[in-house]
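Q: Below are the chains, spelled out letter by letter.
Number of protein chains: 2
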Amino acid sequence: MVKMVLGGAQMGPIQKADSREAVVARMMELMRQAHAQGVEFLVYPELCLTTFFPRWYAEDISEFDHYFETEMPNAATQPLFDLARECGMGFTFGYAELTPDGHHYNTSVIVDRAGEIVLTYRKTHLPGHAEYDPERTHQHLEKRYFEPGDTGFGVVRSDGMVMGMAICNDRRWPETFRVLGLQGVELVTIGYNTPSQNSQSGDEGLEKRLYHSELSVTAGAYQNSTYVASIAKAGTEDGHHLMGGSILVDPDGFVIARATTEEDELITAEMDTERCAFGKSTVFNFAAHRRIEHYGLIASQTGAKAPE
Amino acid sequence: MVKMVLGGAQMGPIQKADSREAVVARMMELMRQAHAQGVEFLVYPELCLTTFFPRWYAEDISEFDHYFETEMPNAATQPLFDLARECGMGFTFGYAELTPDGHHYNTSVIVDRAGEIVLTYRKTHLPGHAEYDPERTHQHLEKRYFEPGDTGFGVVRSDGMVMGMAICNDRRWPETFRVLGLQGVELVTIGYNTPSQNSQSGDEGLEKRLYHSELSVTAGAYQNSTYVASIAKAGTEDGHHLMGGSILVDPDGFVIARATTEEDELITAEMDTERCAFGKSTVFNFAAHRRIEHYGLIASQTGAKAPE
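Top to bottom, those sequences are chains A and B.
Quick note: the UniProt record's numbering has the first sequence finishing at residue 308, numbered continuously throughout.
Quick note: the UniProt record's numbering has the second sequence finishing at residue 308, numbered continuously throughout.
Some hints could be false.
Identical chains share a label here; the pair holds if one copy fits it or two copies do between them.
Under the rule of at most 25 Å between Cα atoms (straight-line distance), these lysine-lysine pairs were calculated in the DSS-like manner [to be verified]:
| no. | residue 1 | residue 2 |
| --- | --- | --- |
| 1 | K143 | K208 |
| 2 | K143 | K305 |
| 3 | K208 | K16 |
| 4 | K16 | K3 |
| 5 | K208 | K3 |
| 6 | K16 | K305 |
| 7 | K3 | K305 |
Since the hints were derived computationally from the structure, they do not count as laboratory data.
These numbers come from a predicted model, not from an experiment.
Next comes chain A alone, as it looks inside the complex:
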C-alpha cells in the first residue's frame, strides 16, 4: 500500500531539429517541478526523446534508425536517471528501441526510486499501416517502423504498488487493461502521440479524438479498479498537430487531474492504492464474477466473423 503524489509530465512538441539533450533538459525541468510538489512517481509520454517520426515515409527503414536508442540509459538520458535517483522519484517514459539483434520496438520502461529499470514494455497494438498510403491525409507508419511487442502486458511490484504499462493505441483495447487487472495492477501508465485528425475521416477531429481517448482510459480504470496516468506529447511538430488532453484517473474512473495546454505541463494528484481495494473486492471481484468459459473467442480468434 502506498499513499503518494502521482505526476504526469505532458510534453510539448519536439521538432525534427531538436537534440535529445535539449529534450532531456526539458524532462529534467519537469522533474524538478514535480519534486518540488512532492511527486514520487512521474509519467512521461510515448517516444518522448524525438519527434513522432512514423508520420514520414522512408523507403529503407534503416534511414530512421537514428531515432532509435540502442541502450538505456545512454549518454543522453543518464542525467535524467541521475536526477530521479537524487530526488528519490520513480518514473516511466517511452522511446524507440533498437535491440542488439536488430529488432525495432516502441518501448517504455519503469524506473524505480533507486534508479533501476524494473520493467520493460514493448507496444502490443501498433496502429496505422506499413506501406505508403496515398488515400490518407497523413501517414501513420507505426506498422512499418516497429514490430509488435514481444513482452505482453507484465506488471511489477515496485516502490509499494503494482504497476503496468501501455502505450498510445493500446489504451483503446480493453484487453490491455484486463490483462493488467488480472495481475492486480494499481497504476497503469500510458504515454501517447495522437494526431488530432483521423487520417481516414474528415469527420473525426480533435474533440472526438479527445473523447475517445478519455472514454477508453476512464473505462479501463473503473473496470479494473486501478489508477491510470495517460500522458500526451502534444502540440505542433514539424507542421503536424498532436492532441493534448493528458489525464490522471482514479479507480472509480473519475478524472482527478487534467492538462490544459499543449506544452510541457506538469499535472499532479494524490493517490492511495488502498482506494483500489473496494472495487477489486466487490463489483470487480474477478474470482467471484468472471465467467471465463464464455470468453474463449477473445483469446482464440483475432478478427471478427459475422454470421451469414
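Starting from the structure of chain A, add chain B where the hints point.
A: Chain B in isolation, oriented as in the chain A frame:
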C-alpha cells in the same frame, strides 16, 4: 445493412402487487407509441414482467418460483407478441426463466418482425451474493435465485442486422462487448434493474452509478463499433429505488437518445448499420490489430493474482 428507427422502452416501477397482465398492458402501450414513431426494433428492460424480486431473501428459493416463466410466449405475454407481429416490429425483453428440468436463469429473448424468438440469452455475470448478508444496506441475491447463464454471448442476423444481448451487470464487463464484437455485432441490447445505492458503500449513490453505467456502455459501443441500447426498469419498487438513465448509443460511443424520467418512457433514434463499418474496418479492424498471443490470461485465469 439496415437504416431504421431504434426504440428503447424504459419501464417505470413494477410493484409486488402488479399482475403480469397489467405490466404487459403497459408494454403494449409503449409499443403502440413506438409504432406511431416508426420504430422497427424495441428494447425493453431486464426482468420486466415482475418486480425486482432478488432484493428479498427466501430461505427456500422455490418460494419465488411464481416470479419465473415456464414458457415463452405464455398466456400473459402472447398479446405483446401478437401486437408486435401486427406492427411488423422486432423486440427484446427480459424475464426470469424456469426450465422444464428445473434450472433458473435471468433470461432475455430477441423476437423478429414475424413474431418468432430468434435468440435466447441467459445472463452470464450475476452480481450480488447467494446468502443473506446483514452487512449490506439491502440484499442483492441474484446469485441465490439464478444460475450463471449457459448460453454465452451469441448473436443473430435478423431483420437485416447482427444483434446480440447482455443483461444488466454484464455491461460492466468489456468481455461481454468483445465476444459480441468478434461476431460482428451491430446492435447490442441491454436491460437492467440497478439499485441507485451501492449496498456496500454509502459513497456510491445515484450520480456515480449513472456515470459508471454510461461509461461502460459508451466504451463498449466505441470499442466494438456497434450501436447499443441500454434500457432501465426505474423508479421506486416496494420502497426500493432503481436508477433510470436509459440510453441509445451510436458506434462512435456517443449518446443519441436519453430518458429523462423514471417512468414508462419511450426513447428513439435513427440508426444505420452502415455507420458501424468505418470503425470495424479502421481503428477497430480486429484482424489487423488484435494480438491474441498476449490475451491468454483473459480466458484462462478467472481471478486476479498480484505479484508477491
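Q: All hints, please: hold or fail.
A: Against the structure, the hints come out as follows:
1. In this assembly of identical chains, K143 and K208 lie within 25 Å of each other by CA distance solely inside one copy; the values are 24 Å within and 39 Å between copies.
2. Taking the closest pair of Cα atoms, K143 and K305 come within 25 Å of each other only inside a single copy of the chain (24 Å); across copies the shortest separation is 33 Å, beyond that limit.
3. Taking CA atoms no more than 25 Å apart as the test, K208 paired with K16 passes in neither setting, with 28 Å inside one copy and 45 Å between copies.
4. Taking the shortest Cα distances, K16 and K3 never come within 25 Å of each other, neither inside one copy (39 Å) nor across copies (47 Å).
5. For a Cα distance limit of 25 Å, the shortest separation of K208 from K3 across copies, 23 Å, qualifies, whereas the shortest one inside one copy, 34 Å, does not.
6. Taking identical chains as interchangeable, the C-alpha atoms of K16 and K305 are never at most 25 Å apart, the minima being 42 Å within one chain and 43 Å between chains.
7. Taking the closest pair of Cα atoms, K3 and K305 come within 25 Å of each other only across two copies (22 Å); inside a single copy the shortest separation is 46 Å, beyond that limit.
Consistency note: the structure conflicts with the earlier hints numbered 3, 4, 6.
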